[in-house]
Each structure stands twice: as structure tokens, then as C-alpha cells.
Amino acid sequence: MENTEQRLSRLRGGGDPEAHNARTIAAMTRNPGCVRRAIMDAAGVDKPAVAAAVGHPTSIGRLSDFAVSRGISFETRVKSEGCAELLRLLREQLGLPVPQAHYEDLGSTGKGETVSGRYLRSKAMLDTAEQGTGTLFDHPLLRLSISGVWAYLEPDLVAFQLGEKFYVIEIKSFPVIDGVADASKVAASVTQSAVYVLALQSLLSEAGRDPGLVSHEVILVCPKDFSNQATATLVDVRKPLAALRRQLSRMDNIAALLHLLPANVTFDPELPAMELAQALTQASARYSPECLAACEMGSFCRAEAKGSTAILGRTVREDLGGVDAVSTALELATGRLQPTKDLLQAAHVLRLAQRMRTEALAR
Amino acid sequence: MSTLTALARVQAAHHGAAQQICTVRHLHVHDRPLVLVPLTLAGETNAPLAAMVGDRHGNPQVLVVPRPRLREQRFVFVERLANIVLSYVDGFTDDVETLPAKRKDDEPRQRFTDAPQVWVPNPGGVEYLRLMGRMTRFRQTTGDYAVAAGVPQLGKWATWLAEQAEYPDSSVLVAATQALTGFWATGQSSLEDGNLAALMGWIAPPAGMTAEQAAATAEDPILCPPAGPATDPQFDRLVLAPALRDLEEAPSDAVRVRVQERLTLALREQMQPTWDRVWQAIGLLGAQQPGGSVEQRWAADRDRFSDFVAYLRDTGHPQAKRDSAVLGARKLHDMERRLANFEAQRAFDDPLVMGEQRMTGEAFTGIVTWSDPLRTVTLSRRVLRPGIVVETEDPLRLVAGDADLRDPQRPNQKASILRLSESAGKISVSLELQGGTGSGLTAPPGSVPAVGERVTYSRLQVSYMSPGQFPARDQTPWTHGGPPQPYAPATSDAAEDWS
Ligand code: SF4
Numbered sequence: 382m383e384n385t386e387q388r389l390s391r392l393r394g395g396g397d398p399e400a401h402n403a404r405t406i407a408a409m410t411r412n413p414g415c416v417r418r419a420i421m422d423a424a425g426v427d428k429p430a431v432a433a434a435v436g437h438p439t440s441i442g443r444l445s446d447f448a449v450s451r452g453i454s455f456e457t458r459v460k461s462e463g464c465a466e467l468l469r470l471l472r473e474q475l476g477l478p479v480p481q482a483h484y485e486d487l488g489s490t491g492k493g494e495t496v497s498g499r500y501l502r503s504k505a506m507l508d509t510a511e512q513g514t515g516t517l518f519d520h521p522l523l524r525l526s527i528s529g530v531w532a533y534l535e536p537d538l539v540a541f542q543l544g545e546k547f548y549v550i551e552i553k554s555f556p557v558i559d560g561v562a563d564a565s566k567v568a569a570s571v572t573q574s575a576v577y578v579l580a581l582q583s584l585l586s587e588a589g590r591d592p593g594l595v596s597h598e599v600i601l602v603c604p605k606d607f608s609n610q611a612t613a614t615l616v617d618v619r620k621p622l623a624a625l626r627r628q629l630s631r632m633d634n635i636a637a638l639l640h641l642l643p644a645n646v647t648f649d650p651e652l653p654a655m656e657l658a659q660a661l662t663q664a665s666a667r668y669s670p671e672c673l674a675a676c677e678m679g680s681f682c683r684a685e686a687k688g689s690t691a692i693l694g695r696t697v698r699e700d701l702g703g704v705d706a707v708s709t710a711l712e713l714a715t716g717r718l719q720p721t722k723d724l725l726q727a728a729h730v731l732r733l734a735q736r737m738r739t740e741a742l743a744r
Numbered sequence: 005m006s007t008l009t010a011l012a013r014v015q016a017a018h019h020g021a022a023q024q025i026c027t028v029r030h031l032h033v034h035d036r037p038l039v040l041v042p043l044t045l046a047g048e049t050n051a052p053l054a055a056m057v058g059d060r061h062g063n064p065q066v067l068v069v070p071r072p073r074l075r076e077q078r079f080v081f082v083e084r085l086a087n088i089v090l091s092y093v094d095g096f097t098d099d100v101e102t103l104p105a106k107r108k109d110d111e112p113r114q115r116f117t118d119a120p121q122v123w124v125p126n127p128g129g130v131e132y133l134r135l136m137g138r139m140t141r142f143r144q145t146t147g148d149y150a151v152a153a154g155v156p157q158l159g160k161w162a163t164w165l166a167e168q169a170e171y172p173d174s175s176v177l178v179a180a181t182q183a184l185t186g187f188w189a190t191g192q193s194s195l196e197d198g199n200l201a202a203l204m205g206w207i208a209p210p211a212g213m214t215a216e217q218a219a220a221t222a223e224d225p226i227l228c229p230p231a232g233p234a235t236d237p238q239f240d241r242l243v244l245a246p247a248l249r250d251l252e253e254a255p256s257d258a259v260r261v262r263v264q265e266r267l268t269l270a271l272r273e274q275m276q277p278t279w280d281r282v283w284q285a286i287g288l289l290g291a292q293q294p295g296g297s298v299e300q301r302w303a304a305d306r307d308r309f310s311d312f313v314a315y316l317r318d319t320g321h322p323q324a325k326r327d328s329a330v331l332g333a334r335k336l337h338d339m340e341r342r343l344a345n346f347e348a349q350r351a352f353d354d355p356l357v358m359g360e361q362r363m364t365g366e367a368f369t370g371i372v373t374w375s376d377p378l379r380t381v382t383l384s385r386r387v388l389r390p391g392i393v394v395e396t397e398d399p400l401r402l403v404a405g406d407a408d409l410r411d412p413q414r415p416n417q418k419a420s421i422l423r424l425s426e427s428a429g430k431i432s433v434s435l436e437l438q439g440g441t442g443s444g445l446t447a448p449p450g451s452v453p454a455v456g457e458r459v460t461y462s463r464l465q466v467s468y469m470s471p472g473q474f475p476a477r478d479q480t481p482w483t484h485g486g487p488p489q490p491y492a493p494a495t496s497d498a499a500e501d502w503s
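Protein sequences appear in the order of chains A and B.
Residue numbers for the first sequence, in the numbering used here: 382 to 744.
Residue numbers for the second sequence, in the numbering used here: 5 to 503.
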């Protein structure tokens, strides 16, 4: 009998699973009801390759080089001279009583150190850090279990220990102007920070310490106004953290979802396009327009959902009384279709809407 | 969103063409608008890269910042943009009309006979202007960080325009995508409607293409450059980055000029399709019949424009970074009142918008089956209270005792529900009417709906804009932070980084 791990490997067409990062893990929480996505993510399928292979290439996650280099230069600035700027923010803006801070760079030593070796080093350092003083840990290596497979995360962030508590510090390059930042960008970085919080918690539990030592408030560092100066804000991540835990535990139970798939189905990007597309349809999707920005399969799933009311958006579908197909909605509205019992109410509202539109547009 | 709009989307998806969700247009469309298509440099905060701007479709001005990371060059760009925008705006300050005073003791008021209307492709363009305003209005024209006079002036105008755009009843700054989706529903989602090219594809697909093909093409940044202000990352990598590098490294002026021409041409190609689409949108919307109250709302825009011109001529301090407590409360009050009026006016002008109210049972349309224009009741004395019965098939949620209902055709007449009775799927509503019938005991002909007439009653009403009672600036109570410090130009503001 094939075990789950072997099945997942065969699903992705052999080879190593795609490496996850905080962005892709955060994105997993965006459409938790979708079986197709849960299986593809759990198996570490190369979704961009699959999407391209079935004729729907994606540009998700693609950033302008200008944005990337600006991000790097801002981060370098904030972290320069042993994070001097960062410490100033922690003291002055957040009022944290940082007496004198130590700085530990946990970045790769480059001497043939393995990833897991580096993880162990991070763990040891974070575990034995002397309490009471403030310590900044730069480039720690963290990991999360995604359906039983370790995903290593190499955040550009700093974990900060103060007293008993650990804080996650995330440096972002979108501005806070007169105290206000773009809400969607804040939301995106908060979800990513939650990934790190969870990974840091799991590191502490592995080291036999209380995961509750990780603060559920993360410190977000952004440019202030139009300048290169930095500003820091504390943000609560409890909500995205809960969503993340739910989705990851769902994926831990991936075996249950795998049973829904015929045994011969695989999502190998090397398959002929037709066959691959056919295979994908075997795993049920739950498309909504939000997918377009959150999942590499968005364009494919939209094409598949053609003719359904899902492509018009969640609220539209609700306003239509949950009717699935565009044609059904129209036929109910014009009275050509007799509603089944569960659609009586929807049909009534649709007929009324049809009457009003016809009446108003005819005049 | 509502079932009416949802149904329109379903119809659009089915027919492969956008469907009207209004019978008239509720937006004022200027006959000489200014169109602005801005592009910014990725990664920086609202750093201008280029813009296409002008008040004639065939004659755009193309502004390019050849070295967008240099602060001086950004201000050169702002100065050039200011020249264009300010001369456009100033063009509306020549002709004034005189209006009777609002209150008895006031002087007669003056206002400009027209006002500017600026179009940007999408809400990102509105945000661009807001940030541009924030970035430039505090600059000073003297001292160490002196900028050209137009720079802070543009900042104040950009701030004002962006502020107006927060109110749905104002038409001085219009985002094309929002104007279009206010009139048409497409067969895609509202998220995809944010892409001007895709949206226009549903409304007016290019010859030989279906709406769906046009919308699909619109998602390919190579075939269809994004409407900005952000540029396509591929364009940044393949075209912009090499050109900027070549400019930095140009060995001679001759080479620099050539590279600059190449860059300008490339940026122009990125903006041109959007420029054309915004003008096309203006044309399409302008061709629609305007609603009855559009003129009145534009007059209110002209009022606010006139006030702002007067303010600039008087003290003209740049707007504060944050609103004071009193100003914030006043804005909130204004917003609610203007929103309610806008809702009511649209519904009165447009049976499809009224349809939304009828769907929720907050309004009903029906035929008058009985009318007694001479009905009287005795209060302290005998007074005229005509009665009518309206038969409707609408899903009514109003109940007996509900009062203050109005029919758009008789805005001065109030109706209250006396009784409701239902038979054969129809509801008969008995209404008592008050007002709009003169002072005597006989109603003038036509002032009371007659049998057979089609009427619509709703709770909506257009109230007169009574400004709320707010303490004057210097009377702000201490609970709200006390009187705000008047703005004093600070050198630190003028010197603020823009990096
Ligand atoms: S795009 Fe498709 S696979 Fe991805 S979450 Fe949406 S429905 Fe699921």
C-alpha cells in the first residue's frame, strides 16, 4: 500500500516538493474551502508550472525589480550598525524598556551548513538566550510542518527577545503616511507575520519551552511618510494566526482529502495539457474572484467556472439567492424554469427583479 | 450590490455585453474635462515617473521624469504638471453669476458659472492626487528648499480634488472605472471591473472582438499596458530599468538625448491606450441622458469650487495633515447628509434606482384605484386631507401608521399609510395626503393623484442642506482638543524628504 507521503510525491510528479515561503503559506488561508488548492499545496505541486502547462500562466507574486531593491535598501538601513535604528524605534516609539541590546546574526555561515543544521543552531540560540536583556536575532531559520513536510522559512526578520517575551519584527517597504498605511498591504503583511509567529512558537515548543512566550503582537517597521526614516507599530495577529492554524491542521489531515481523488490522478506539470487539465477537474474547486490575486490556479479555475454565478463574485451570488448557474438564474427570472422547492424564494426575488428591470428600461 | 444589479450582471454574462443599471446618468459630464493618466516608479512612495495630461483628446501633453529618483527632477515634473492643471482650473474663474442671499441679512452670493472636472483612470489615480497634494502643499517658495510657486498651489488643488472625491455626489474628480460601473454592469466581477481596459471591453469591445475576448486581452500586460499608476513589472525590467541605467551612464549629451527620447516614447506607449479609454469613457457617459438633479449637484460643486478659490485668495494656508476634531465632525455630518440626499435624488430621477428600494419593500409603485381629493378631517379645525388607494404588486414592508412617504412627482406632499389590505397577491394601500394642495379646502386640479395614475411612494426625501451646528474654530471645547493651532508654515514641512 502506498502511504500518504508517497501518494503526495506521485501527485506532484515525483521530485522535491515546491518550497513554501511566508507568502505562499499565508495565501493558503485565503480559500480554505477549496479541496483542489489544499491538495496541491499539501503535495507541494509546482502550481505556476501547472497553471502555465494548462494554458493559464500566472503572474502572482511577481514584483517589480524597483520594488525589490527599494525593499532591500530600506531593510539594510534599518538593520545597519547592529540594528541601531531599530533599537531606537523600539525604545522611543514603542516605549519598550530595552536596556542594552545584544545582536545575534543567525544567517548562514556558508561553510556547507545544512538547512536543518542551521535550524538547530537557531533553535539552540533562541532557547538559551539569556533572559532579562534584550536580544535581537537576525536571520533566524524557522520551520513549519505543512502536511507532515517541513517547510523552512528564512525570514528577513528579526526575532526580538525582551524579558520573557519574544517578538517578531517585520520590515516592510510600504509607507505609513501621517500615521496611516494602505489597509490591504497591512493585512497582507500581518498574515505573513502570523506565519512567523506560528513558526517561532513551534520552535519554542520543540525546545520544550512555552510557545505562549511569543507575543501575538508583531512589530511592523515601515518607512515614515515620504522619507527613508522608519516608523514602528505594534499589530495584533491573533485572527490570521487562528485562520492559519485551522488551514494547516486541515492539511495535516490531507489523507482524508486524498481519498476523494481517483488513485491514478496526478498533477505532474509534465503531463500533456489536456490530461493535466482533466486531472485538475477531479479535485473540486471553489472559485471566487478573490482567487485571482491569491492562488496561482486562479485563471484556470475561472475558465472552468464559466457559466457559473461564482465568477461574478460572492456578494452577487448571494444576491441571486445562491443560484449556481447563470442560465438557471436567468430562466428563473423570466419564469421559463419552474423552481424546485429550495429555489422558491430565490425565484420569487429574481422574478421581481426581472419585472422591475424590464419595466424601468422599457420606458 | 443588490439583486437588481446582480441580475444585470447575470444578463451581461449571458449576452456577452454590459447592461445598464441606471436609466439616466447621475454624474455630471463636463464638456471640457481635464484628463490625467499618471504613472509612478515602483517601490517608491508616489514618485512620479510620467503623466499624460490635457483637456483635449487629440492633444495630450506627455511629461516624463527621466531620472525619477532625483528629488529636483520630481519637482521639475510637479512644476510642469502644475502649469497645466492650474491654467485649466484658472480658466473657470472668469465668469461669475450672482445669487440671492441664503439668509435675509447676508449679502448676495457670487459663484463661478462653471468648475473644473478632472478625470483619472481609476481610484489609484485619486490616491495619486491625494499623495501628490500631501507631498507638495507644504513646500515653500522661498528659503533653502524653495520650489516654484505652482508647486504648493498644485498641492492645495490636488488635496481639494481628492477630498471632494470622497463624496459620491461630487463630480469634480472622477475615476473612470467608478463612473462606468455606476452606469453599467458587466459579466465579470467587480474586482475585474477595476481594470479599465477589461471594463471597457464589456461596454464597448473593439471591433471584431467579443466582450470576453476583449476582457481577456486586457489582462495581458504586454498587449494592454496597465492603467497605472503602477507600471507592469515586466515593463520595468525589460524597458524601464535599461533605459534608466543608460541615462545614468550616458557618455555624452547626444546619447542622453537619444535615450531620453526612447524612454519618452516607451512611456507614451504605456499611457496612450489608457488615455484613449478615459476619453472614450467620457464620450460614452456624456452621450447618456442626464438625471434631473445632475445640474443641481453640479451647482453645488460650483459653490464649493467658488468657496475654495475665495479661500485660496484669502489666507490660502495649505490644508492640515489631519483634520481637527470640529472639522472631522463637520465632515462626517456633511458626508451623511450628502449621501442621503444623493440616494434620494438618484431614486427620484431613475426608476431603476427606485427599484432597489422597491425590492427591499421600502418603497412601492402602483396604480391609483380610488381618489378623494376633497377628503377632510377635523383636527382643531377642519382641514383638507385627500385620500387615495394604491394597488401594488410590490413586496411591501411598510405598515399602517408609517408616515412621511413621498412620491417623486409631488415632493411637497407627504403621505401616511392608513390601512393595508391584501387580495389575490395584490396589496391595496390607503393613504392620507397632506401638503401641496394649496391652503383652501379644495385641492387644485392635478395636485392629488387621480384614478389610473401610476405613483411611487418611498421614505426617501431630499432635505435642504441645513449645515449642522458646530462650534466655530476658536470655540472648540477642550473635550475635542480645544481650539486647533492655526497652521503655521514650518520649515520642516517644506524640507520634508521625498526619497
Ligand atoms: S484558484 Fe482554484 S485552486 Fe486556487 S483556491 Fe481558487 S478555486 Fe481553489
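For the record, the hints were derived by calculation from the structure and aren't laboratory data.
Any given hint could be a false lead.
[Unchecked claim] Here are the simulated lysine to aspartate or glutamate pairs, EDC-like style, with alpha carbons at most 16 Å apart:
1. A:Lys605 - A:Asp633
2. A:Lys605 - B:Glu216
3. A:Lys687 - B:Glu131
4. B:Lys160 - B:Glu265
5. A:Lys504 - A:Glu598
6. A:Lys605 - B:Glu500
7. A:Lys546 - A:Asp606
8. B:Lys325 - A:Asp606
9. A:Lys566 - B:Glu131
10. A:Lys605 - B:Asp406
11. B:Lys325 - A:Asp559
Quiz item: Is it true that the CA of A:Lys605 sits at most 16 Å from the CA of A:Asp633?
Solution: The hint is violated at about 41 Å.
Exercise. Quickly compare the C-alpha distance for B:Lys325 and A:Asp559 to 16 Å and report which way the hint goes.
Key: Between B:Lys325 and A:Asp559 the Cα gap is close to 7 Å, so the pair holds against 16 Å.
Quiz prompt | Restraint status (C-alpha distance of A:Lys605 to B:Glu216 at most 16 Å) | solution = Measuring from Cα to Cα gives roughly 43 Å; hence the hint is violated.
Quiz prompt | A:Lys546 paired with A:Asp606 [C-alpha distance capped at 16 Å] | solution = 30 Å, violated
Self-check item: Hint consistency between A:Lys605 and B:Asp406 [alpha-carbon to alpha-carbon, up to 16 Å]
Solution: 53 Å, violated
Quiz item: Is the straight-line distance between the alpha-carbon of A:Lys504 and that of A:Glu598 16 Å or less?
Solution: 21 Å, violated
Exercise. Given the hint that A:Lys566 pairs with B:Glu131, test it: the Cα-Cα distance must not exceed 16 Å.
Key: OK: A:Lys566 and B:Glu131 at ~15 Å, within 16 Å.
Quiz prompt | Pairwise hint evaluation, B:Glu131 against A:Lys687, where the allowed Cα distance is 16 Å at most | solution = Given pair A:Lys687, B:Glu131 is violated - Cα atoms ~33 Å apart, limit 16 Å.
Quiz prompt | Proposed proximity, A:Asp606 with B:Lys325 (alpha carbon, max 16 Å) | solution = 11 Å, holds
Quiz item: Given the proposed pairing of A:Lys605 with B:Glu500, does the C-alpha separation stay at or below 16 Å?
Solution: 11 Å, holds
Quiz item: Is B:Lys160 close enough to B:Glu265, meaning Cα to Cα at most 16 Å?
Solution: 32 Å, violated
Taken one by one, the earlier hints fail for this structure at numbers 1, 2, 3, 4, 5, 7, 10, listed in ascending order.
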